[in-house]
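Visitor: Next come the chains, spelled out residue by residue.
There are 2 protein chains.
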Amino acid sequence: MAANKVNIDLQKERAKCNFNTEELTNLLDWGVKYTERRRNLEQKVLSVKGLLDDTPEEYLSHKEKYENAIRKSVLFYKTLQLLDDDMSVDERTRSNFRNLIASAVFKDNSPFMLHTSMFIPTIMGQCTDEQKAYWLKRAKNMEIIGTYAQTELGHGTFIRGLETRATYNPDTEEFVLHSPALSSYKWWPGGLAHTANYCVVMARLYIKGKSHGIQPFMVQIRDEETHMPLPGIKLGEIGAKLGFNTVNNGFLGFENHRIPRDRMLMKNAQVSKDGTFVAGSNSKLTYGTMVFVRVMIVNNMANLLAKAVTIAVRYSAIRRQSQPKPNEPEPQILDYVTQQHKLFIAIASSHAFSINAMWLWEIYHSVTTQLAGGNLENLPELHALACCLKPLSTIDATAMIEKCRLACGGHGYMLSANLAQTYGLATAAYTYEGENTVLLLQAARSLVKAWSAYVKGQALKGTMAYLAGDPTVKSWDGSVDGIIQSFKVVAIRKISSVVKILEEYEKSGLSPEDAWNKASVLLTAASEAHGRAILLSVYKSEMDKRAAALSSPLRTVLLQLVDLYVTYWALEKVGDMLLYTPITERDVVELQRRYTDLLAVIRPNAVSLVDAFDFRDEILNSTLGAYDGRAYERLMEEAMKSPLNAEPVNHTFHKYLKPFMRGKL
Amino acid sequence: MAANKVNIDLQKERAKCNFNTEELTNLLDWGVKYTERRRNLEQKVLSVKGLLDDTPEEYLSHKEKYENAIRKSVLFYKTLQLLDDDMSVDERTRSNFRNLIASAVFKDNSPFMLHTSMFIPTIMGQCTDEQKAYWLKRAKNMEIIGTYAQTELGHGTFIRGLETRATYNPDTEEFVLHSPALSSYKWWPGGLAHTANYCVVMARLYIKGKSHGIQPFMVQIRDEETHMPLPGIKLGEIGAKLGFNTVNNGFLGFENHRIPRDRMLMKNAQVSKDGTFVAGSNSKLTYGTMVFVRVMIVNNMANLLAKAVTIAVRYSAIRRQSQPKPNEPEPQILDYVTQQHKLFIAIASSHAFSINAMWLWEIYHSVTTQLAGGNLENLPELHALACCLKPLSTIDATAMIEKCRLACGGHGYMLSANLAQTYGLATAAYTYEGENTVLLLQAARSLVKAWSAYVKGQALKGTMAYLAGDPTVKSWDGSVDGIIQSFKVVAIRKISSVVKILEEYEKSGLSPEDAWNKASVLLTAASEAHGRAILLSVYKSEMDKRAAALSSPLRTVLLQLVDLYVTYWALEKVGDMLLYTPITERDVVELQRRYTDLLAVIRPNAVSLVDAFDFRDEILNSTLGAYDGRAYERLMEEAMKSPLNAEPVNHTFHKYLKPFMRGKL
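So the protein lines, in turn, are chains A and B. Just so we're aligned: 483 in the numbering used here is position 483 of the first sequence, and the numbers increase by one with no gaps anywhere. Just so we're aligned: 98 in the numbering used here is position 98 of the second sequence, and the numbers increase by one with no gaps anywhere.
Any given hint might turn out to be false.
Pairs involving identical chains hold if they fit within one copy or between any two copies, as the list cannot separate such chains.
[What the hints assert, rightly or not] Taking lysine to any residue pairs in the SDA-like style, the calculated list, with each CA pair at most 25 Å apart, reads:
1) K325 <-> M202
2) K234 <-> L182
3) K49 <-> H654
4) K234 <-> M202
Treat the hints as calculated values from the structure; they're not laboratory data.
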């Protein structure tokens with residue numbers, strides 16, 4: 001890109017930067033080598049012809065969007081297959097934390113998404129070795145396209161409620177899959193509608209009239225030759241959604257559809273030919289996968305938020321508005337403190353989520369190593385942790401992405417800004433992989449349990465150890481560490497007080513379940529408090545660890561962001577601070593002053609901080625956020641791509657408008 | 001609708017209701033006669049053939065959506081013309097506060113929207129009598145379709161920054177309209193792209209090289225016969241947006257386009273043939289229209305929120321999930337206190353906005369009567385009020401609509417639920433008609449001014465009079481009135497403290513403008529505090545006024561909602577309560593307990609409370625929210641309308657998928 005084409009305000013912003021953006025990019029990528037790999041991949045994939053759209057997707061019909069997504073999907077996955085390197089799974093996972101290439105190709109994701117994100121992992125996790133040998137090869141080569149069907153029209157979060165039945169018939173050695181009611185139709189799986197020909201189906205197993213829980217089955221749903229749905233299988237797409245419209249989410253119902261016995265995935269539970277059922281080992285093992293997915297969600301929130309704030313900060317640097325001082329030019333809107341207040345916290349939050357995701361991944365990694373050795377001890381704590389961090393990161397990221405959009409004024413409402421779609425993708429994570437309120441209540445269950453154990457004299461470990469600490473703050477010093485400590489005290493106090501309330505409710509005659517329900521708003525608040533304490537302290541401590549190896553200018557900037565984050569949250573939760581710490585009105589005013597000062601200190605580096613997220617224009621996909629800052633030109637260029645603009649007069653003028661205006665309709 | 005077709009859970013909910021829903025509907029409609037008129041209109045319009053779509057709009061391409069909207073628009077407006085009655089303007093305005101018929105026809109609004117909402121009102125407000133006689137007749141008969149073009153690509157909120165020029169040439173007695181830069185292109189006006197043939201254009205007037213401010217001009221943009229854009233006029237559509245996609249928002253640029261002198265709307269300022277400029281009278285007069293539009297926004301937020309919560313409450317009554325107690329059926333999710341916490345505040349908030357809008361409209365009405373008599377005294381206060389209530393109502397309504405969507409889990413993400421679109425329409429109001437942060441800062445300007453006047457010994461009037469009250473709360477009694485008084489004290493304290501901070505900043509050497517900017521986060525907080533105090537106290541006092549005339553059961557329910565609203569906000573703003581009132585931790589616990597008790601008390605009436613909003617299914621447009629509660633059946637019925645489901649195998653299988661899976665791509 002020729003430098004002279006870059007908006008002059010952005011050029012000036014970049015000249016002001018007082019740290020090395022490349023150093024920050026490397027830090028965010030988890031190391032230089034991953035930055036290199038990511039850029040290489042981006043360069044290779046995004047230069048493939050036909051992967052990037054000429055006509056923006058939003059102008060297509062729902063059907064055309066799907067067809068276009070299939071065209072691009074085969075090209076995209078073909079390209080990826082050719083690029084396959086021999087990294088270890090772990091290494092590849094790490095290296096992909098900031099791989100957003102797919103989002104350049106699919107604004108709204110690919111119909112193959114579930115094949116890689118759920119179908120293959122399920123084969124790896126749930127198959128016997130023999131099954132794995134067969135299915136994994138076919139799936140990895142994409143000889144078959146699969147998906148994963150668990151959720152039903154009437155059943156989501158509560159897995160035990162699933163109604164789809166798999167009844168074993170020892171005579172034929174088959175399972176009979178059946179959907180007993182409309183509410184038992186599978187609903188939501190990506191790719192299920194018209195793309196996948198195989199599907200892992202979660203169904204309730206019945207043998208000789210007895211239920212044996214929910215088990216996974218490999219089901220062929222379409223003919224490999226003709227792609228026609230097999231007999232006894234009803235499927236289709238579920239219709240348009242707020243986002244993910246190219247994912248081809250489908251429904252699936254069974255009418256006594258028969259599959260051979262070996263199609264049950266039998267790594268855990270088994271059914272022998274004669275119908276003897278052997279239960280699986282510890283069900284907590286499945287926690288592992290859930291935790292992994294939630295780590296990925298926290299990381300995904302960091303990426304989506306980084307995209308949104310990149311767009312909003314760059315646009316705020318080139319947009320000028322109002323004239324507070326007579327005879328001076330309109331200021332860049334990034335100079336308004338209210339704008340800085342909306343945006344800078346999003347930069348800090350992206351860092352916080354990113355670093356928390358890395359930290360959580362390391363824990364996940366070490367716990368799964370323990371698991372392999374049969375040690376389940378740390379799994380519940382890790383599970384509770386993921387049950388807090390997934391909701392908090394999705395709640396914060398969605399709110400902040402939306403704030404980024406609103407900070408771009410009217411133009412943020414244009415789809416070509418790519419903020420609305422980013423929100424659509426982020427907000428889905430509020431619900432999928434465990435609805436946020438349900439997860440917070442699960443975390444609360446663990447916290448209440450841990451608290452009771454502690455009260456009984458048992459030791460608390462890992463991320464819950466702090467609950468055994470001093471439940472008071474002796475004095476308010478306003479330091480970052482002091483505030484983080486205060487957040488821990490808030491969590492302790494909220495947990496201990498809700499335990500007391502639960503006891504009172506039960507004493508007053510409520511059943512434990514009713515007491516739990518009645519206290520549930522406070523229970524979610526307790527989980528949030530725990531999650532906030534973790535997010536804050538991990539962000540701080542992990543950044544401190546990395547800081548030593550950083551150049552001094554970068555270290556300074558990053559610690560300013562930590563300071564901003566901590567101060568912001570102390571002010572957001574000032575009610576909790578006032579309730580549980582000795583903070584005074586004067587201290588609050590001081591915090592507000594410090595917060596404003598931090599905004600001013602960060603201001604000169606704002607554009608470079610988002611530049612360091614290192615998103616290529618194809619990945620940002622945004623008229624407002626492109627590197628060159630030619631927002632108005634790009635808005636007009638994109639508008640001209642609207643098919644409505646291909647002709648000066650639409651035919652409806654002659655057919656409807658003119659007769660109407662002449663009173664002749 | 002046959003009663004036996006209604007979901008059994010909803011039937012039971014309705015049987016539990018202990019107030020008269022019709023009585024509440026009448027109250028919300030502002031009287032029985034308006035309920036009747038509304039229902040009559042709904043019945044007449046919605047029975048017109050062709051107005052309601054067979055294929056859901058979300059399956060069409062962008063272009064098809066527009067063409068379909070034009071087809072429906074001429075039918076819809078034709079129907080309205082035939083139904084025209086001879087109500088007074090005031091009466092009609094009141095009677096239309098809950099008229100949402102258009103939303104049954106256009107999920108995303110009509111391309112004629114700006115014709116009625118901006119073009120006609122501008123003709124009425126800005127034309128001389130002679131001009132009005134000509135243009136109003138043509139516009140009302142819809143012989144011409146108009147729109148209103150103010151915002152430019154580079155200029156929105158800051159009207160003085162508009163760049164479009166209208167240069168008067170006394171020789172030809174013409175204005176020459178010109179767009180000097182891309183950033184001066186008009187951008188956003190609804191209907192401008194391919195629908196309107198006339199447009200009121202706001203442009204900077206130049207006469208003999210001198211600027212005379214921003215003035216309105218009537219500009220023909222398309223030929224009445226051929227609909228071709230006139231010479232010197234460049235227009236088109238701006239592209240896809242988060243919402244309003246059928247509104248046909250357009251752009252407009254001028255290349256030395258000439259219009260006759262009489263096309264300037266000269267009610268206020270005038271230009272005579274020789275180029276003599278006569279300035280308009282008090283510019284505050286235009287505040288009137290702005291206030292009116294903002295009243296309508298507050299009311300619109302009440303309606304949109306009512307729609308969302310109707311959908312979410314009904315769905316929560318039929319959705320069942322989890323099994324907290326063994327061997328008992330899955331509970332309705334409406335029985336979960338966390339769900340009640342998400343939803344009931346939305347019912348109360350809709351009432352609060354509705355009643356505040358009515359109250360504000362009455363004030364607006366009396367102030368405009370004063371204006372007609374030359375009395376401008378109360379205009380600034382009213383303007384400040386609208387500058388608070390528009391932002392707060394849009395902020396709360398959007399957040400709560402989104403909460404309603406999320407409370408419906410995955411299915412809330414389906415467009416057929418109509419929650420995402422409702423959000424899209426609501427969130428636009430965050431930005432249009434005065435961006436929220438900008439408005440809050442305008443309100444802050446008035447508040448700071450009022451405070452300074454008060455400090456100097458001047459009396460404060462109307463809704464600002466309370467600022468002169470006692471700035472302390474002597475004791476916390478937890479009563480509704482006590483909490484409302486506390487909110488007033490919070491506002492007083494925030495305003496007085498930010499004034500002090502402004503003074504300090506200026507003393508430290510900052511210019512007044514820089515001091516203002518530096519304090520702006522606190523200034524918006526002060527405006528919010530003022531707005532909250534008004535919203536709460538008006539909701540309470542206006543409901544009290546109406547309560548006397550209500551039956552006892554309804555009165556009880558409505559005052560429970562007032563109590564809920566006040567308690568909710570005291571807890572939301574507990575930090576402010578702790579800072580500025582003598583509330584203790586014990587009081588906070590007591591408030592939380594009362595809040596939970598209120599949720600339980602409201603629970604049995606929840607479905608009937610939303611039934612009383614009295615939305616026809618066509619207006620709700622929602623698979624999840626229909627009166628009969630057949631959510632799963634409707635989800636499936638809607639899904640089957642997807643054109644992708646018209647064929648079992650999409651042609652892309654043969655073209656792309658199969659070759660790919662066979663490795664032959």
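Visitor: Hints first: check each against the structure and report whether it holds.
Guide: Quick rundown of the hints versus the structure:
1. For a Cα distance limit of 25 Å, the shortest separation of K325 from M202 across copies, 24 Å, qualifies, whereas the shortest one inside one copy, 65 Å, does not.
2. In this homomeric assembly, K234 and L182 come within 25 Å of each other (Cα to Cα) only inside a single copy, at 12 Å, whereas the closest approach across copies is 54 Å.
3. In the homo-oligomer, the alpha carbons of K49 and H654 lie at most 25 Å apart only across protomers (21 Å), although the nearest pairing inside one protomer, at 40 Å, exceeds that limit.
4. For a Cα distance limit of 25 Å, the shortest separation of K234 from M202 inside one copy, 16 Å, qualifies, whereas the shortest one across copies, 58 Å, does not.
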